[in-house]
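Spelled out, the chains give:
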Amino acid sequence: MGFINKKGQVAIFVIIAIVIVAIILAFMFYPKINIGGNSETGNPKSFIESCMKEDVNTLLDELSYNGGYEEPEGFIIYQGEKVPYFCYTSDSYETCIVQQPNVQGHFENEIERILKPSVESCVKDFKKEFESKGYSVSVSKAELNASFVPGKLKIELMSPMTLSKDTSRTYESFDYEFKSDLYDLMALATSIIDYESVYGDSETTLYLRYYPNIKIEKVRLDEGSKIYTISNFVSGERFRFASRSLVWPPGFEQ
Amino acid sequence: MMKKRLILSFAFCLFAIIFSFNALALGSEQTVCCEKTIASPEKGVLYCQDVPASQCDPNSRQVPTSCESTSYCKPGVCYNSNEGTCLDNTPQLICNSNEGIWSEESPPQCNLGCCVLGDQAAFVSLVRCKKLSSQLGLQTNYKSNIQNEVQCILEVQNQEKGACVFEKEFEKTCKFTTRGECDTGINKSKSNEFFPGKLCSAEEIGAPCAPTRQTSCIPGKDEVYFIDSCGNPANIYDSSKINDKLYWSNVLDKSKVCGAGGANSNSAGCGNCNYLQGSYCRDAEKGKLPTYGDAICSDLNCKNTANGKSYKHGESWCVYDDAGKTGDGTNTVGSEFYKHICINGEEVLEQCSGFRQQECIEGAIETSVGKFSQAACRVNRWQDCTSQDNKQDCQNTDRRDCFWREGVSILNDSVEGSCLPSNSPGLKFWEGEQTRQICQQANAACVVTFEKKLTGGEECKENCECLTEEWQKDREEICTALGDCGPNTNWIGVKGYKDGFKIETKKA
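So the sequence lines, in the order shown, correspond to chains V and C.
The working numbering numbers the first residue of the first sequence as 608 and each following residue consecutively.
The working numbering numbers the first residue of the second sequence as 1099 and each following residue consecutively.
Simulated from the structure, these hints should not be mistaken for laboratory data.
A hint or two may mislead.
[To be verified] Partial list, computed: chain V residues near chain C (C-beta under 10 Å):
1. 682
2. 695
3. 697
4. 706
5. 713
6. 758
7. 808
8. 810
9. 811
10. 822
11. 827
12. 853
No experiment lies behind these values; they were computed from the predicted model shown.
Beta carbons: idealized from backbone N, C-alpha and C, even for Gly.
Work the whole structure out from these sequences, hints included.
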């Protein structure tokens, strides 16, 4: 009885060893195998998502710290970086003139503009890879639509494409969602601009009552400009912009 | 007796040499309302600014008047129809080029009302309410008759909450929500059944939701909540009640659960956080794990701050830790006021305007949990101090920030004192003529009369006090109080290397 059990154990070990060797060989000879199965299952959505995910996250991080601008038009140089003015007056004792009334809309436009080439490149990569696997891939021109909503950034990729092999499948658009709390940060930035343009300053502690996870830092510079940095404690996201309003210069008006 | 008059004059407050000529250079150029400025390496391009004509882009519109009087740069209200938000003080040009709709007066679309979003509320415009409701997957519930924010908040606080049992894909399920949402917002079915004051995990309502050991933070709520197997929030997390059927059946007020009235910061067994006391639901950090779940009442208060005191989250206080004092005109050169704020356990500082053009004021309000300190940077109203000729006007804190110094006058001999800034303003003494103008207010000429004695020598007869060290000290103090004038010390306590004043003696 004991001998039979031992033989059985040996047989199991042999089978396990064969399976392991087979898996290793499969990876060696077919290096393009996709563990998640996204490419093999012919899913362009997940292919493009994984392709652009890193770009989106980097872009959000960089743009938000510059008020949603890649290259601001009106700015102040602070610590060697251009921080966009959302509200500005060159005069003393005057409240500022709003320079960017549509903070969110502008940020979304910047994302669409900057991300488009990399998304197009992702679509091309997808086409190339699937054509190499025997698929026939037909792709039309890609259009992007980015929009911030509470808790996320939504990206709609309108890129009609048809995949054919044994059967044919057509896609019209793909919807992507990336976790982001920038919607709230931009709403706060807009509120601060409103205070700056009407009263000449903003009381940052007021916002603490309603936004427990938000930190607002205000740095005053000698020439009267203020640099605002709004950050989320939980997600770590930051949004930075500048304002120059109701400046009290040294001495008195002449 | 032969008399001889000797006149001694004293001139004070002559200090830095002034080199600047830029005021003269700019003085003659016409200021225009400029649609678009010339791009500069320091500021880039800015819109609708009153600037000298030479700074305005020649291809943009420019009129020699203030921007308020122009059509293209007149400030008004910019309505964003996409988000439903309105922004004041926006020029037409900027508004229209940023997909906004501009109007001189606030349009009806900017009127605010109460937007009910489940058990939350927002005091916003109708379009904004529709946008928020769609983002949260809720039906729009907008109450335009509610005209203030407090009333709006009360509106949702008074909503009845309970378990809403309904059918989804032929299966019975439950959502913990308001009666309003249960009746109209879920599944749009008349078979929805609402159980006020009950949790979805209550056995008696027959919902397929059971107690779990999971907890979570709920958006808009301070506390840590138990979560049932359907993903609904149950009562506030209390580790001792994990198997208590009654606790998983009825909704309990926060005043009737564990640690009521306290902050329960970092408590492993109780999730009754209190934001006003400085605790808020957050994901637990390593080493501070609760008995069940991953959420905990995180401590937001600041302990042992720069001044050695502890403050609650949201409290702010004034800090003036430069050399010198405040309030008596002895501020040092370069010193500034700071407002410190306690945010999420972090001490954040906010500088008031430079050159002491702002000062920090501080007060405390009484709350149910003790005093709550609040500080603010406020404009230093020093400008008209020296023109006040009586103590009452000088000390009128509704109008100005000054103090009355008895004895020495800077106006004329009929006034028996001087009105001086409580916090002496900082000045750009290294440039321009203005500093000279401010400081020379402390200049004084004192005529001392001597009488020649028959036996030889002279005897002082009039204004003899001008010859004393005390008189000189008084004048020095007035000098310092006027601004960065006269003999002074800098913000790190180092005394100036010049006297800061000059005494001239002339005989007549």
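Report task. Check each numbered hint against the structure and report the violated ones by number, ascending. Result -> Hints that this structure does not satisfy do not exist here, as all of them hold.
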